[in-house]
Every structure is written in structure tokens, then in C-alpha cells.
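S.K.: Generate the whole structure from the sequences, applying the supplied hints.
For reference, the chains in residue letters:
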Amino acid sequence: MEYQRDNCGNCGACVAVCPQQILKLNENQVTKDPGCDECGNCTIVCPLGAFTWKVGHEV
Amino acid sequence: MKYDVVVVGGRIGGSIASLYASKDDADVLMIEKRQEIGTPVQCAEGTTQSIFKILDMKPDKRYINAEIDGATIHAPDGRAIDLAEVSCENFLDGTGYKGYILDRKVFDKHLAIQAAKAGAEIMMKTTVKDLIRKDGRVCGVVAEHLGETMEIKADVVIAADGVESNMARQAGLTNPNKPGNIGSCAQYELFGLDIDPHQLNFYFGREIAPGGYLWMFPKGEDTVNVGLGVRSTKKTAYQYLNQFISRFKGTTPVELNIGGVPLSGPIDKTYTDGLLVVGDAAGHVDPVTGGGIHIAAFCGKTAGQVAAEAVKKENTSESVLKRYDEIWREKFGKNLEISLKYRNAADKLTDKDMNALAEFLEKNKIENLSKISAIKFLGKHPHLLMLIRDLL
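Taken in sequence, the protein lines are chains F and B.
Here the first sequence stands for residues 1 to 59, numbered as in my numbering.
Here the second sequence stands for residues 1001 to 1392, numbered as in my numbering.
No wet-lab data here; the hints were simulated from the structure.
The hints are all genuine.
Calculated lysine to any residue pairs in the SDA-like style (CA-CA distance at most 25 Å, straight line):
| id | chain 1 | residue 1 | chain 2 | residue 2 |
| --- | --- | --- | --- | --- |
| 1 | B | LYS1234 | F | HIS57 |
| 2 | B | LYS1269 | B | LYS1313 |
| 3 | B | LYS1234 | B | LEU1256 |
| 4 | B | LYS1348 | B | PRO1382 |
| 5 | F | LYS32 | B | LYS1234 |
| 6 | B | LYS1365 | B | VAL1086 |
| 7 | B | LYS1234 | F | PRO19 |
| 8 | B | LYS1235 | F | HIS57 |
M.R.: What follows is the structure, given as C-alpha cells:
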């Protein structure tokens, strides 16, 4: 998943739905540890669309 | 560093837990990851009078932006229903229609100051990275402040760390949420919208807020919180919000808030050896309304009191901390369960169903609502009849 910090409102909705538990909400941004399984949950819940599928991905 | 009680999170649940644990003589540290308590706001700020009863506190103009005496529901077809005419109970907690729109930035900080007055210490801009465990029990947290990592020992840790709670998960009490159980919310504080400053407004419909609803909560004379929650949508909450407010000419936002709300009801277990979970982190949110201020307040108070008592008894194991779970479930457990059932039924309502319900309610005000009229209505709408059968 692509994460755009400029579009992030630091709300933590993505952290709540990450099955790999690799997302962390820090004070000003979300950090992502390795191990993403590209499930797309973060793209569904983000109120501002900070997470998007990588270019070329077919939904 | 060692404290009796470490509270992680400094919003409503966290500050109130800190306040009540401190009042009962516990040595308390509250940790907040942000730079300021109360910001950014992630709340529509509406609550009922019950929170002040729970806190034994008098409502104060400093943190109340508006007093509310009613609500209007807007069906997808535009039909407006005055809630007072179709229901006798408050939709939040059955204490009548009176409620408040809080100024959360002021209110949250006020609560933190009350906790400090009672003796709690507060650390700002400090993030909890991990739980410290010994022999399977929680006995503190690893925290980071300006690049410095520190171990903070505690007899009881209270996790009030919000929807993004890692602590409840690290303790094995929760699993990650399914996306459909998180309300994805966006809200403007909007200037220039002319609505009754004492009335709430709710809008429903698949085009407006699929899987949720839109709210308009007046914040005094000048501004209104206009926000919505949606679930499992292709478009973002922010896009739905902009789409809705484009109809209001001459308005402009002065604040944008976003957030995720857990809507699947409380987690199965809110305690373990040395740990209690409070507020959004515990799913202490009404699955229908998405409201949780009064629940977090009650649970925060109870958690603080139970933690302080356990410290006094020198026994902070599950067997003592369990009392917290029992007390809050007795007060809110049944309501939250019913609410989740209603939400599941409401998920199946089409716009057509909602319009039909609104039309029925408009024609049959509460005083002349009869069994016969209800049966006739359901006879005409078999889909609604099926949903009601699921609820019973």
C-alpha cells in the first residue's frame, strides 16, 4: 500500500484494522513496519484517503 | 520510575481514570502522546446530562458550547421528523432530551487539570512502545519521549489509548477490527450555517452517509459541527462530507476533524493481570450512535477506583481487577448488546425502508400510535417485518 503522509490526519483508524499490526500511530504520522500483506483494510477505513493501492494494482 | 497506576491516554477515559485513582490515594502517572491534551478533536462533541452526574461535577459554560433540547431526523427523501414527537426517550441514554455540545478541547484539558489537582502527574508528547511483563502479568510500560526510551513500572496499567490501541492487543485482549466495524468519520466545524442553535440534526441515506449517518451539532451561535460516519465505502468520508456541504452556499469551515470509531461493541474482556482497558480501546461506544463520552466517563471512573483499591489491597491480579468489568457491564453491557443488534438490523435498511418508516412515524405521532396501525404498516413492508423479527 502507498501511504501519503500529506493526506494523513493522524486519526488511527488504519491502525485499528491492520491484521498484521504493523501500523503505528505516532504523534504526526503513521509508521509502517515490514510485513504488509496488502489486504487493503487501511484503504477502506482512512477518512482522507492517505492509503492507496500501488499503481498497477487491480481492485 | 515506578507508580501505583500508569494511565496511557489523556482524553476523557484516561483523565477521569487518573482523577479517580488519584482521589483514592494512588500514585498516578498519565501519559499522552500528543503535544496538547484535547487536540486534535476526534468527536462530534454531543453528550447528555448524565456525564456530569457520573462525574459529580457541575456543567460549566467554559466547556459547554450549546445546550440541546431536541433533535430532527432527516430521511433520505428529505422528510424531517421531530424526534420528540415520535419517541419519549433520549436516543443516547434514556435520560430525556436535554444534552450538551461540549468544547472538547477545553473539557478534556479541564479533566486533566482536575486529575492533576488530585495529585496525578502527566507526561506529554510521550508514546508507549510496549508493555512490560513479568511472569505473564503486566507490570509497566516502555515509553519514548523525544527519542529517549524509558521503563515505567506500575502495579496497574490503564489502557485508555483510543481506537488505535496497541496495548489491549499486546495484552492479548483484542484482535484487529474488521474494516466494516470501524466508522470512518470526517467533520467540519462550519461557519455560516443557519440552524436552530439548540437542535441536533441527523441525515440518513445511502447517498449521504452509507453505513452511518450525518450529523449537524450546533456549537453556539456561530458554528456547527457537520460531520459523518461511513463504513466500507469506495469514496472516503471526507469526499462524502464535501459532497453534502456543497449544498450550503456562504459557509466555510474553520476546522477539519477526522477519526475512526469502533462500532462492534465492547471487547470480550477488559482486564487482565495488572491491566484495565477503557473507552474506545475497549469498544466502549454505542454501535448505533457512535457516541461514547458518557460510557468512557463511567468506565474511566470505575477503572480508576478499582485500580486504586487493588493497589491498596496489594493485589492487582485478575481476580481483583475483574470487578471493573463486572461494574461497567452491569451498567452498560445490556444496552450495548441491544444497540449492536439494532445496528446490524439497520445495516439492512434500504433508503426505501427508511423513507417508509419516516412516513409512518410522521403520520402516527407517538400519542396515536396503535398496534393496528403498526401491523398494517408492517404488512405493507415485509422487508421491515423481517428485520423486526430478527430483533425480537
